[in-house]
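Number of protein chains: 2
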Amino acid sequence: MNDISTSKDMHIEEHLGSSAFITDIVIGMSDGLTVPFALAAGLSGAVHSNAVVITAGVAEIVAGSIAMGLGGYLAGKTEQEHYQSELFREYDEVENLPEIEKSEVRVIFEEYGLNESTRNIIADELAKDKDKWVDFMMKYELGLERPDANRARNSAATIGISYIVGGLIPLTAYFFTPTPLEGLMISAILTVICLFIFGYFKSKVTGQPKIKGALKVTLIGIIAAAAAFLIARTFNNLI
Amino acid sequence: MNDISTSKDMHIEEHLGSSAFITDIVIGMSDGLTVPFALAAGLSGAVHSNAVVITAGVAEIVAGSIAMGLGGYLAGKTEQEHYQSELFREYDEVENLPEIEKSEVRVIFEEYGLNESTRNIIADELAKDKDKWVDFMMKYELGLERPDANRARNSAATIGISYIVGGLIPLTAYFFTPTPLEGLMISAILTVICLFIFGYFKSKVTGQPKIKGALKVTLIGIIAAAAAFLIARTFNNLI
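For the protein sequence lines, the chains are G and L, in the order given.
Going by our numbering, the residue at position 230 of the first sequence is 230; the numbering climbs one at a time, nothing skipped.
Going by our numbering, the residue at position 153 of the second sequence is 153; the numbering climbs one at a time, nothing skipped.
Straight-line C-alpha distance at most 27 Å; calculated BS3-like pairs for lysine-lysine:
{"#": "1", "chain 1": "L", "residue 1": "K130", "chain 2": "L", "residue 2": "K102"}
{"#": "2", "chain 1": "L", "residue 1": "K139", "chain 2": "G", "residue 2": "K132"}
{"#": "3", "chain 1": "G", "residue 1": "K77", "chain 2": "L", "residue 2": "K139"}
{"#": "4", "chain 1": "G", "residue 1": "K77", "chain 2": "G", "residue 2": "K132"}
{"#": "5", "chain 1": "L", "residue 1": "K139", "chain 2": "G", "residue 2": "K139"}
{"#": "6", "chain 1": "G", "residue 1": "K216", "chain 2": "G", "residue 2": "K204"}
{"#": "7", "chain 1": "G", "residue 1": "K77", "chain 2": "L", "residue 2": "K77"}
{"#": "8", "chain 1": "G", "residue 1": "K128", "chain 2": "G", "residue 2": "K139"}
{"#": "9", "chain 1": "L", "residue 1": "K102", "chain 2": "G", "residue 2": "K130"}
{"#": "10", "chain 1": "G", "residue 1": "K204", "chain 2": "L", "residue 2": "K139"}
{"#": "11", "chain 1": "G", "residue 1": "K102", "chain 2": "G", "residue 2": "K128"}
{"#": "12", "chain 1": "L", "residue 1": "K102", "chain 2": "L", "residue 2": "K132"}
{"#": "13", "chain 1": "G", "residue 1": "K139", "chain 2": "L", "residue 2": "K132"}
{"#": "14", "chain 1": "L", "residue 1": "K77", "chain 2": "G", "residue 2": "K139"}
{"#": "15", "chain 1": "G", "residue 1": "K77", "chain 2": "L", "residue 2": "K210"}
No lab work stands behind these hints, which were simulated from the structure alone.
Modelling step: build the complete structure from the supplied sequences, incorporating the hints.
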């Protein structure tokens, strides 16, 4: 029994851990590849200096990695605070409205087809230990897992670094070309290849059809860049 | 009993719904306020034309809102696919390894202090209906809720729109000023006020200390803008 429990816990850990980590990399890298690429593309149709494109790209990577990292950190913090406030409320309810909480336990198991006497036994036995009862209600009534304290920090670092790595790729082309439009051509080729590889990798780890997933990611990068190019040029002609 | 169940379900719905919606707005708006502000600030120290700053800002908002929306959409999709693959595996395990699955049910309730005979009754009763058994394992063993099919789409729209709204605020200053550095001054005042208001609102809905939360959000915006300004200017002088 204990072996099953331990191996299952590790299995769940692994699943949750890798899924969250991969989600962070997917978000960070895809935005990092997409936004500086699309920004540089947008500026390439509107300005005549590679230095301006690179400067804007670098400013974007600095700002974006801080904001993305912060986004992950805030989301993690919010999740943690939400858990704490719900925990406080469950303790309050278990203390002051135990009969209502017990009937909530019975309702949970009614949904899974357990018969009435079993539901009563479960509710009565759970009520013997208030800490375990609250733990049960948090997870099984509200569906809330206790958030990992390190999770928000790790998530912030992963997203921020993924963003920088992704963002530098499309900019490199502008260092070795004389004009923004030539830079854009090389940058587009380089970025589209990376979007495809990244999309393929992403699809593989998430168990999706690989080629279809890769094409989807690539297409969205191209759409963002084309939209930025067209709108930036239109804006630049108007002002 | 039914009344309690219904009101509790609505209560949970409301909690989950508003929390996810608020998280999306928090991410979209904070990045929308922060990144175009910081990008414009970075360019203000390096270029001499407001038109370039505005063009870059607009390109960034277009690219950022598409990428952020896409980020939310992909994260939602990934969550949905993860659920499907785990569901498939649980059905397989219930079908082919029922005794192991039953002992996993017993382990779950051992953690909550239920005695052995109760654990056996629960495992045996659950095993009578395979669909409900799998539902139970998904939620209570793996902690996975069936993802809302509309959630990914709504999340993408919320993040994208929040990003555009947030991003246009810092740019407006550059329309009405003659030079980027003057634009930056007005933009910084405007954005800092909005970051503070937004931070206050965010802290209020998430139940944090309001003034402290507002100052935290504002400070991070200022750090991103200052970092972008300094690094963009250094880069511009080097190339």
